Structure formats: structure tokens, C-alpha cells
Amino acid sequence: MQLRHVFSELVQGLRRNLTMHIAVVLTLFVSLTLVGLGLLLNSEADKAEQRFGDLNQIIVSLCNENSRTPQCSGEVTDAQREAILKVVDENPEVSGYRVETQEQAYDKAQELFSDDYLAKLLKGLGPESLRESVWIDLKERDEFKGIASEVGGLDGVYSVRDNRKIVEPVFKTLDTFRIGAYFIAGFLIFAALLLVANTIRLAAFARRREIGIMRLVGASSLYISLPFLLEALVTALFGVVLAGGTLAAFMQFGIKERISEQIQFLPWIGWPDYVEALGWIAIIGPLLTVVPTLLLTRKYLKV
Amino acid sequence: MIRFEKVSKTYPGQARAALEQVSVDIEKGEFVFLVGQSGSGKSTFLRLILREYRASEGRVYVAGKEISRLAGWKVPRLRRQIGTVFQDFRLLQNKTVAENVAFALQVIGKSRSQINELVPETLELVGLDGKEDRLPDELSGGEQQRVAIARAFVNRPMILIADEPTGNLDPNTSIGIMKLLDRINRTGTTVLMATHDAGIVDQMRKRVIELEDGRVVRDQARGIYGYQN
Numbered sequence: 000m001q002l003r004h005v006f007s008e009l010v011q012g013l014r015r016n017l018t019m020h021i022a023v024v025l026t027l028f029v030s031l032t033l034v035g036l037g038l039l040l041n042s043e044a045d046k047a048e049q050r051f052g053d054l055n056q057i058i059v060s061l062c063n064e065n066s067r068t069p070q071c072s073g074e075v076t077d078a079q080r081e082a083i084l085k086v087v088d089e090n091p092e093v094s095g096y097r098v099e100t101q102e103q104a105y106d107k108a109q110e111l112f113s114d115d116y117l118a119k120l121l122k123g124l125g126p127e128s129l130r131e132s133v134w135i136d137l138k139e140r141d142e143f144k145g146i147a148s149e150v151g152g153l154d155g156v157y158s159v160r161d162n163r164k165i166v167e168p169v170f171k172t173l174d175t176f177r178i179g180a181y182f183i184a185g186f187l188i189f190a191a192l193l194l195v196a197n198t199i200r201l202a203a204f205a206r207r208r209e210i211g212i213m214r215l216v217g218a219s220s221l222y223i224s225l226p227f228l229l230e231a232l233v234t235a236l237f238g239v240v241l242a243g244g245t246l247a248a249f250m251q252f253g254i255k256e257r258i259s260e261q262i263q264f265l266p267w268i269g270w271p272d273y274v275e276a277l278g279w280i281a282i283i284g285p286l287l288t289v290v291p292t293l294l295l296t297r298k299y300l301k302v
Numbered sequence: 000m001i002r003f004e005k006v007s008k009t010y011p012g013q014a015r016a017a018l019e020q021v022s023v024d025i026e027k028g029e030f031v032f033l034v035g036q037s038g039s040g041k042s043t044f045l046r047l048i049l050r051e052y053r054a055s056e057g058r059v060y061v062a063g064k065e066i067s068r069l070a071g072w073k074v075p076r077l078r079r080q081i082g083t084v085f086q087d088f089r090l091l092q093n094k095t096v097a098e099n100v101a102f103a104l105q106v107i108g109k110s111r112s113q114i115n116e117l118v119p120e121t122l123e124l125v126g127l128d129g130k131e132d133r134l135p136d137e138l139s140g141g142e143q144q145r146v147a148i149a150r151a152f153v154n155r156p157m158i159l160i161a162d163e164p165t166g167n168l169d170p171n172t173s174i175g176i177m178k179l180l181d182r183i184n185r186t187g188t189t190v191l192m193a194t195h196d197a198g199i200v201d202q203m204r205k206r207v208i209e210l211e212d213g214r215v216v217r218d219q220a221r222g223i224y225g226y227q228n
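From first to last, the protein sequence lines are chains A and B. Residue numbering for the first sequence follows numbering that gives the first Met the number 0, starting at 0 and increasing by one per position. Residue numbering for the second sequence follows numbering that gives the first Met the number 0, starting at 0 and increasing by one per position.
Derived from the structure by calculation, the hints contain no laboratory data. Nothing here was measured: the structure is a model prediction, and the numbers come from that model. Mixed in with the good hints, there may be bad ones.
To be verified - Computed list of chain A residues with no C-beta within reach of chain B, every gap over 12 Å:
hint	residue
1	K46
2	N55
3	T68
4	A78
5	Q79
6	D161
7	G179
8	A190
9	N197
10	F237
11	I258
12	P291
13	L293
What the hints assert, rightly or not - Partner residues aside, some chain A positions facing chain B, computed with beta carbon under 8 Å:
hint	residue
14	H4
15	R208
16	I212
17	L215
18	V216
19	Y222
Note that CB positions come from ideal geometry on N, CA and C, so glycine has one too.
The following block holds chain B by itself, in its conformation from the complex (with noise of 0.2 Å):
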């Protein structure tokens, strides 16, 4: 599903590569932990597959297609196949729960008729049913980062990104948050999350992937968070 083949990222005007020589293959409906100490290289790791950059070096493949030399306008189509969920959940404030998750589907031009089925269905998945009307500054951190995953996922994208999405909750909201990446990754999703959460991810027993200074220094099945932050 998505696969590094020796790739590697240097940012203009930088001599350190952000990412360098790194070679991975994640499996269709694999769940993976992306771990590593901050400027290790996640972020930069997660951009590529989103083609918010393109590889220095190296080929990314996602979903079968060597996304680095993508044309700039199939870009948008790319991204139709990923959800992605961050820290700072990232909703409109001026727009309901229904309304957040509802524009993930306006904007990539779904018809009425499939948002209406979608959005409900999508609430009630991650646990939001009777919220639809809410604004976020009514709900709990963990109710806004559930929105987050709502809207990531209302397309049914096959891989899910989640760049620290528990970065900013009490332990126990992250768990239920990582009950409910765990009952989309069950529906053949492939998850991508990366994490600072030795908790979470020694609790998980999920793949993890180390990075330290652009490079992935362990690929480990079933693994444990294994370094102090």
C-alpha cells in the first residue's frame, strides 16, 4: 500500500537530510507506529505520502503509483485516498459536526444524497451519533479529535494517517481514540499513525517504525516503544 524505496529528503537551503535513504513497504490493512525523538523525520516521512513534497531521492509508491513524479493536478485524487488527522484536530469552529464532516465530501464534489448516507453513518462509527449539531467549542478534546477521524474517513480513504492524534488528550480519551483507529483499521484500512505515546504504542503491540536522524534504525513487528522521550 505504500512503499519507500530508498528515499531521501533534503529541504532547500539545508545540509542535513530530513530522511535519508529510507526504505519501507507497508501491507494493505497493516497498522504501524511511527516513532522517533521530534526532528527524527516522521513528519517529513508522513508529507511524502501526502506529496506535500516530493522525494530528493528515491521512489514513494502509494497505492500502486509512484507518487513523486505525479502530476501537480492528480494530486487532489491522491489525496482522495488518504484521511489524515492531527494533534490539533484542524475543524472549522463555525461549522457543526455534521457540517465539518459533511465538507470533506462538499468539497471533493459528492452528491447530496451520498452525504446525507455517509456523514450519519460516520458519526455513529466513531461513537458521535446525537452530536451531529454541535459546534466543536461544545465538545471535549476527545469528542473533536473523533470529528477529526470522521472527516478523515467519511471517504473511505484506504490509508489513514494520524500525526500525533492523541498529542493533545488525557491518557484515557487516547485510548478510546486508539479503540476507534483500531475498529477502522479492522475495516481493511490501512493506519499510519506517528506518536510520541509509549503507552499507547507498548499497550498496541502493533508494527513499529523507528527513525532517528532520517534513518529507520528499527522495522519491528508487533513492537514496543523501546527509547526514552
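This is chain A alone, in the form it adopts within the complex (with noise of 0.2 Å):
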């Protein structure tokens, strides 16, 4: 086969064609990186949730050696989280609990905030200095007070932290902002296709005498299509080059220079998260645009 010709035939076709794929590239642009948003988004959610807790969860601190209030008289003691324990496991609001203990939670600090000022901090202190928790699922969303109130009074708990009074406003946030990112780009996606499907139908009309010809002569269907194949990939990489390039810029202006910067108590994304998300436009931005091309080179160029 003749890459030479399919070459030209592509260049050839995409300046035919150009405010048409102009259209394709801006559409799957802004689609790409609201999809990439809504993904980068989603990753935060997954970050601030394995910080603070699922918003059906409460944490129960235990005492650590450094503890000293009514309830606290040094480390708790075995005797007390067994009965802690025991409380947490008879109370029907509860679904399931798991316990973290000190090294667990050094380690989730350190993975958490590997790039933050706080690493600094917890690498002066060891695993002691944190306290162990019992994080407790509860069936209802809503009914916790019984559990809360009921094992915040015993001895060698240090705190009952209900994590969503904090955490419900950004996990509700980042939730209107996922959903609204999806939303938007569903109806530009849709608005893509379309597009695509337009684009091809322009490009067969406008090549209908060779395509007529190259069928005569017996050019295989892959040769009569790859042309509007490899017009679709490259609309596509366009596409996803400059969604990339806007989501990087998001990041690192947006999210490393300024919002990580003054909302501290959260942990932020970062460059793998990033990555990922990327990773995933690519693979949707060539699909969008390659498999509407399949279907309709079929349909329109009778190959």
C-alpha cells in the first residue's frame, strides 16, 4: 500500500475540509477537558474521602500517650478498646467499623501529604504522636447521635469527630462541579458527533468521483476508508493535545499555585492524578471521532 498517496490524501482532505475539522477540534476540545475536569474532580473527591472519611462515617479517636482530658489518662488501655469496641459492634446504627491503628495513620499522613508543608511537620514526630481511631460505618446517613453519644462517653476515647459538618460543603461543591462538568460535556460530545458524522458526509460527497473510481479499479475497503480514518485520529489528537495542555495549565496555575495554596487543610492533586486523567481523554477523544468514521464510511462510501 501506498502511504505516500493515503498521506496526501489526508493532508488533501483535511484542508478541504478545514473549517469543518476546525469545528471537530474545538468541540472535542472543550468536551475533552471538561471530561478530564469532571475526572480530575473526582480524584480530589477520592483524596479528601480517604482524609476525612466516607460522609457515612464517624471517627472515634482513641487516647494517645500525650492525651490528657476527663476521659484520657494516658494511652488507652486494652481493657478500654475492647469495650469500645464491644459498644461499637452491639449498636444497631452501625454497619461496619475498622480500626486504624497509629502506624496506619502515620503512614496515610506521610502518602497524603508526601508534597505539602505537613510533611515536614509529621517527620518530626513519630507514629506515637498520632492517635488510634475506630472509623464506624453507619447504615443511615442521618442516625448517628445514639453511636456518637454513646461512645463519646467512654473512658480512652479522645474525640468523636462527625467528619461531615467539614467535609460536606467541598464533598457537595466538588460534587455540582463534577456533575455539572459531565453534564456540559455529554451535550458537547453529542454536539461532537455530530459534527463528525457531517464532516464525513462532506468529505465522501466532496471525494464521490474517486472513491467511485478507486471502487471500480477494486481499492480495498480499508484503503478507500483509511483516509477518513487517519482524518478522524488527527482531529482527535488535536483535540486531546490542547485539552491536555489546558488541564495541565488548570493544574499547575490553578490547582499548585494557588487553590492548594490557600485551602490547606485539604490534600490536593496532583501530577499522577493528572496523568490519569489524561490518559483517559485520549483514549475517549480518538473514540469519538473513530468509531462515528467506521460506521459511516460504510454507510456513505458503500466500501
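Got two chains here, separate frames each, mind docking them using the hints?
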């Protein structure tokens, strides 16, 4: 197969339909950016959830050696711990629980704040400066007062945190943005699909003479549709590159240099999350153009 | 080379068959005229050979293969054995004479050295040497049809199908085209030509197959046109 011919067809095709291709690239660019943004917000929600627990969770911190409260007289004893877990276990509001040891808490904190100023603080402290905790999953989101007050009064309990009070607005905001991003992306993707379909129709019409001759002299279906597929890939590539660049700028100037400086109590997404989102849009973008092209070349080219 | 066995073709949504119980046998190297009124089924006959359509009934053999059952992806291979020429030339206006002919080889993946060898050779055969770099609209109708014939023949097909190749040409030019088709036929290529040109058919004295309402009403060796337009 003569690649030279295929590529000259590709360049010609892109040039002939330049305005349509630009329209496809731009809609793809915006929709992929929104999809990427949704994915980044997803990662951010995961990170925040890891840090603060699920919205259906309350976290019971147990005393450590430095705790000095009415219920704490030094580190929690085995007997106290047993009593606390028994109460948790028997409470009807609880669907499950797990215990996080001081070492686990330390490891998690190191991971979450790896590139953060808190990391420096952590280094000076050992695991024993953190608290062992019991993460309690609730059956019902709103029925937690019973267990909270019951456990809260036991010896060896340092505090009962209901993270929802702090985190809920954050989660809600993230959710709103994420759903909004996906919603708009959905419409734009639909528009992109229509544009792709129209572009192919125009291109097939513009090239109907060549295509007719190619069929007549026995060019293979693949050969005939290859320039169309390559056009689809090239437009997708442009869309992905533009979206990737925009998301990178968002990461650098939005997250790294602004938001994460201003809101330090939350762990923020980093470059690995960006790479993951980029991977997804690098898959979605070409799919959005190549799949309709494959379907429509069959229809319009009758190959 | 081409065999129709009781072939019928009815187009979807039409009550009357375009071809009905057509049985014809065309040997390798024959020159055959296909005549008949408009709508008599000539085009359908040609299209069945190209497998643009499948026969509704019966069997169509081309080069020994039953093509009604040919898988879709094998159709291009079949078409590489058949050259096709039309009344309206169907040249690419933005390509030169040589490029138009080379295009047919490029798109089936022939190497550049093969193209460089076959294109000039074929242009010489059709009498267009020296005009390789002209664009189609710089040529006369007869010359354009020669380009189309060169394109159809450049891959040395076993069969050449010509659908009214002289329909747009004046009588003198038509004679030139017929001489060319005759020359191609003498290389061993089977030529099947649909035409309305009584003068040409009468002059050439080749086999004539006449279709009427989708049926073969005459199949005559060394025949004449035989009816009034």
C-alpha cells in the first residue's frame, strides 16, 4: 500500500474541509477538557474522602500517651479498647467498622501529604504522636447521634469526629462541579459526534468521484476509508493535545499555585492524577471520532 | 470467462424484474456487443458482473468463480480483473493524464516501479504518448475516453466492460475508440460493450446479444445492430 498516496489524501482532506475540522477540534477540545476536569474532581473527591472519611462515617479517636482529658489518662488500655469496640459492635446504627492503628495513621498521613508542608511537620513526629482510631460506617446517613453519644462517654475515647460538618460542603461543591462538567461535556460530545458525522458526509461527497473510481478498479475497503480514519485520528489528536494542555495549565496555575496554597487543610490532586485523566481523554477522544467514522464510511462510501 | 445461468434480478421495491432468466456464456477473448433499448437490462447485466449487485436468482460466474456468493471483502479482488469504461469518462479533473492512469494502480497498491513501467506503456498503446502531462479538460472527448480506457486497461484485466463508450463522441472519433477496443481485444482481453450505436455494431461484425425487457431475445455470432432506435 502506498503510504505516500494515503498521506497526500489525508493532507488534502484536512485542507478541503478545514472549517469543519476546526469545528470538530474545538468541540472535542472543550468537551474533553470538561471530561478531564470531571475526572480530576473525582480524584480530588477520592483524596478528600480518604482524608476525612466517607460521609457515612464517624471517626472515634482513642487516647494516646499525650492525651489529657477527663476520659484520657495516657494511652488507651486494651480493656478500654475492648469495651469501646464492643459498644460499636453491638450498636444497631453501625453497619461496620475498622480500626486504624497509629502506624497506619502515620503511613497514611505521609502518603497524603507527600508534597506538602505538613510532610515536614510529620517527619519530626513518630507514629506515637498520632491517635489510634475507629472508623465507623453508619447504616443511615443521618442516624448517628446514638452511637456518637454512647461511644463519646466511654473511657479511652479522645474525641468523636463527625467529619461531615466540615467536609460536606466541600464534597457537595466538588459533586456539583463534577456533575456539571459531565453534563455539559455530554452535550458537547453529542455535538462533536454530529459534527464528525457531517464532516464525513461532506468529505465523502467531495471525494465521490475518486471513491467511485477506487471502488471500480478494486481498491480495498480499508484503503478507501483509511484517509477518513486518519483524518478522524488527527482531529482527535488535536483535541486531546489542546485539552491536555488546558488541564495541565489548570493543574499548575489553578491547583498548584493557587487553590492548594489557599486551602491547606485538604490534600490536593497532583501530577499522577493529571496523567490518569490525560490517559482517559487520550482514549475517549479518538474513540469519539474513529467509531462514527468507521460506521459512517460503511454507509457513505458503500465500501 | 463470463457465464450467466438463469440469472434474474429484481430491484427492491419493484415488481418487474430488470433481468429475467438470462443465460449467456462468453468465452475468453471474445468481443461482445450488448444491445437493447434503454431499460432493457444492459446496465444491470454489467453491474452484476462487477458485483455491484447480487443476482436475485441464478448464478453469475466470472473467471471461473461464482460471484453472487463472493464475500464482500473479496469483491475488490474481482474488480481488479475487470476494467470498466463509461460514456462520461469519469476522469479526475485535477490530475494529469498520467496521474489519472497511475491512480488506478496506486489505489490497489502497485509499486512505483511497476507504475512507472505500466503507465507510459499503456498510454502509448492508447495513442496518448506525448500528452501525459495534460489535464483532462485540455483534451478532446475522444482523447479523454482514451485516458479512461488506459486507466481501465493499465492493470491488464482479463475483462474490459464498456458501457456506451462512444455515446458522447462523434462518429469519426468513435471509430478510433472502436479500433482501440479491438486492439485491446486482440491482446486476449474479453471485451463486453453495451451500446446504442448501430453503425459501429454493423461495421464490427462481432457477437451481438440483444436484451429486451430483461430477457435475451437474440444471441448472434457476427451480428448486426438489428433494430430501430
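Subject >> Violating hint indices (sorted, rising) >> reply: Per hint list: zero violations.
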